[in-house]
Amino acid sequence: MSQADTAKPHLSREHLLGLLTGMVRIRRFEEKCAKLYQQEKIRGFLHLYIGEEAIAVGSMQALTPADAIVATYREHGHALARGVSMDAVMAEMYGKTEGCSRGRGGSMHLFEAATRFYGGNAIVGGGLPLAVGLALAEKMQQRAGIAACFFGEGAVAEGEFHESLNLAELWRLPVLFVCENNLYAMGTRLERSESQPDIHIKAQSYNVPAEVVDGMDVVAVEAATRRVCASIRAGGGPALLECRTYRFRAHSMFDPQLYRERAEVEEWKHRDPIDRLAAWMRQTGVLHDSDLAAIEAQVATEIEQSVAFAESGHWELVAELARDVYAAEGAR
Amino acid sequence: MTDGTPEITYRDAIREAIREALLADPRVFLMGEDVGRYGGCYAVTKGLLDEFGPDRIRDTPLSESAFVGAGIGAALGGMRPIVEIMTVNFSLLALDQIVNNAATIRHMSGGQFAVPVVIRMATGAGRQLAAQHSHSLEGWYAHIPGLKVVTPATLEDARFMLAAALADPNPVLIFEHVMLYNRSGVLPADAGPVDIRRAIVRRFGKHVTLVTYGGTLFKTLDAAATLAKEEVEVEVVDLRVLRPLDAETLLASVRKTRRAVIVDEGWRSGSLSAEISARIMEGAFWELDGPVCRVCSAEVPIPYPHHLEEAALPQPTAIVAAAKAALGA
Numbered sequence: 001m002s003q004a005d006t007a008k009p010h011l012s013r014e015h016l017l018g019l020l021t022g023m024v025r026i027r028r029f030e031e032k033c034a035k036l037y038q039q040e041k042i043r044g045f046l047h048l049y050i051g052e053e054a055i056a057v058g059s060m061q062a063l064t065p066a067d068a069i070v071a072t073y074r075e076h077g078h079a080l081a082r083g084v085s086m087d088a089v090m091a092e093m094y095g096k097t098e099g100c101s102r103g104r105g106g107s108m109h110l111f112e113a114a115t116r117f118y119g120g121n122a123i124v125g126g127g128l129p130l131a132v133g134l135a136l137a138e139k140m141q142q143r144a145g146i147a148a149c150f151f152g153e154g155a156v157a158e159g160e161f162h163e164s165l166n167l168a169e170l171w172r173l174p175v176l177f178v179c180e181n182n183l184y185a186m187g188t189r190l191e192r193s194e195s196q197p198d199i200h201i202k203a204q205s206y207n208v209p210a211e212v213v214d215g216m217d218v219v220a221v222e223a224a225t226r227r228v229c230a231s232i233r234a235g236g237g238p239a240l241l242e243c244r245t246y247r248f249r250a251h252s253m254f255d256p257q258l259y260r261e262r263a264e265v266e267e268w269k270h271r272d273p274i275d276r277l278a279a280w281m282r283q284t285g286v287l288h289d290s291d292l293a294a295i296e297a298q299v300a301t302e303i304e305q306s307v308a309f310a311e312s313g314h315w316e317l318v319a320e321l322a323r324d325v326y327a328a329e330g331a332r
Numbered sequence: 001m002t003d004g005t006p007e008i009t010y011r012d013a014i015r016e017a018i019r020e021a022l023l024a025d026p027r028v029f030l031m032g033e034d035v036g037r038y039g040g041c042y043a044v045t046k047g048l049l050d051e052f053g054p055d056r057i058r059d060t061p062l063s064e065s066a067f068v069g070a071g072i073g074a075a076l077g078g079m080r081p082i083v084e085i086m087t088v089n090f091s092l093l094a095l096d097q098i099v100n101n102a103a104t105i106r107h108m109s110g111g112q113f114a115v116p117v118v119i120r121m122a123t124g125a126g127r128q129l130a131a132q133h134s135h136s137l138e139g140w141y142a143h144i145p146g147l148k149v150v151t152p153a154t155l156e157d158a159r160f161m162l163a164a165a166l167a168d169p170n171p172v173l174i175f176e177h178v179m180l181y182n183r184s185g186v187l188p189a190d191a192g193p194v195d196i197r198r199a200i201v202r203r204f205g206k207h208v209t210l211v212t213y214g215g216t217l218f219k220t221l222d223a224a225a226t227l228a229k230e231e232v233e234v235e236v237v238d239l240r241v242l243r244p245l246d247a248e249t250l251l252a253s254v255r256k257t258r259r260a261v262i263v264d265e266g267w268r269s270g271s272l273s274a275e276i277s278a279r280i281m282e283g284a285f286w287e288l289d290g291p292v293c294r295v296c297s298a299e300v301p302i303p304y305p306h307h308l309e310e311a312a313l314p315q316p317t318a319i320v321a322a323a324k325a326a327l328g329a
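Protein chains in written order, with the working numbering: chain A, 1 to 332; chain B, 1 to 329.
Check each hint, because a few of them may be wrong.
To be verified - Chain B stretches covered by chain A per the calculated footprint, using a threshold of three residues with CB under 8 Å from any CB of chain A:
1) 64–70
2) 77–86
3) 92–101
4) 181–195
Calculated directly from the structure, the hints in this document are not laboratory data.
Virtual Cβ for every residue (Gly too), placed ideally from N, Cα, C.
Given these sequences and hints, build the entire structure.
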């Protein structure tokens, strides 16, 4: 029985170190990306997940390789936590052919067939119907996988949220909806756009079981995901987790953050999911200073290698511009 | 019928094509609004629920974006969905899924993911359904790289294009003109698989090429018959595929007749007919004896009263007049 099949997290030192490493890896990777953006190595939009790492890392613990993942344009963390290699993600940030989407997608469109990672969707709410369809394919082919769909609270205002929850429940499909509620849809605070700001209540109105989770607590996210996934895998239909979290950085690299107070950002930084796990592990005696140093060193090496990999990658030939618009002639 | 072969309608031909696909491949299923118990809003899918059951004939809520997106997702997950949308006007509620997901995912994923979904929908005017059920927007979809767009007009194409669309690894949109559903005839004994990459010449002639597709094919053939009585020999090209266009067949005909009239139920501004005209300019300008002409719908939302609806649409008399004008007659 793989660990993802068990309903409760097993909080061994090894497992906790894995969670901590997973979050540090995403944090440092994105900090590097922000620098590379300033150096114009990475262009286009860059949406950082910093502050929200506990959700991707915690929830992925409960998902198996057979499951399908659909994410948003703020998906570097999900791709890394899912197992897309840092090299392939970094090369994609550069737009090189060695990238996980052959350079065609960039930051917002990370894809990888081997890990069943179905993007990187930059239309808010656009991924939810895809997840419903992926779950339908699992069910109709009597396969055991579920579809996990990550989206922000902004997507809740889109019709796709409502249509997808209704359809998933109506057809009792194995979909895990993970709402990453970071309070702001770009600059619009939840209360300014929703007449009912309690998202889990909306899910319950479609008879979709839903619960609220502290999205800054990786263990809580893992535990909740294991619990609801056990129910989904047992044929209980879809479920929704509303993970309450906060984005420490701007919406994208072009955002002066006029819509929120610095004090609010600082307050949330006290709940930093990495610091919080590390402090708890120290308290319980399973984390030593040397562990943290080792994690940081290991992650730094991995990032350095991924930058070298991306730098030495290749630009697609312009002659290949039109490839993959349609399948090659004769393909099936 | 001398040989006892029964007449079938265009509607029957599509139903038979769907049946055949469901029987041939367990990955194929049909979903859409009222395709099951109701039997389809144009009765195309009548009886399929009884034969194949609710798992493969799925009635959906009125959630175009969700069920079209679910079709795209199911295709990503290994199925071969046939998604029915009641009319092209309703497909606008699913435009995001079709344009931003179905058409882009292969390219955005660097070729890792295919989206072999087939989306069928009714298009066109003629049933006095007014401005929210009668438009011809297939030309819009033909603008989008990553999509294939086919328009069966004949019984044979209605019967055999679906299999070709399902065998295609790309997303394929099938547009069925509402005025064709009741057309009936006998399928030729040798009717079989069609090549959805090719336009086809439906009538051979040497004086002028009439280029059309879908609902206006038979109006154009009627106009050609009228012109034949006046010894004008018209060639009629049925495009069949709006994207990717088969420019080769189109240009071969125009180079032969040296004159072209485009007949399209879409509006002319920013349209498919404009695109075809441009292709002719780019590919056969020096072989033309006169300017390319167009017969399109009047630039109005389709009105309800019969006489106004008819006045808004391309009609055989207008096609005859345009062909004569192209000939300088």
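Quick rundown of the hints versus the structure:
A stretch counts as covered by a chain when three or more of its residues have a beta carbon under 8 Å from one of that chain; for the stretch 64–70 of chain B and chain A the count is 6, and the coverage holds. For the stretch 77–86 of chain B, the proposed coverage by chain A is satisfied: 4 residues have a C-beta within less than 8 Å of a C-beta in that chain, meeting the threshold of three. As drawn, the stretch 92–101 of chain B meets chain A at 4 residues by the rule of a beta-carbon pair under 8 Å; at three or more, the given contact holds. Here's how the stretch 181–195 of chain B fares: 0 of its residues keep a CB closer than 8 Å to some CB of chain A, so the rule of at least three is not met and the hint is violated.
Taken one by one, the earlier hints fail for this structure only at number 4.
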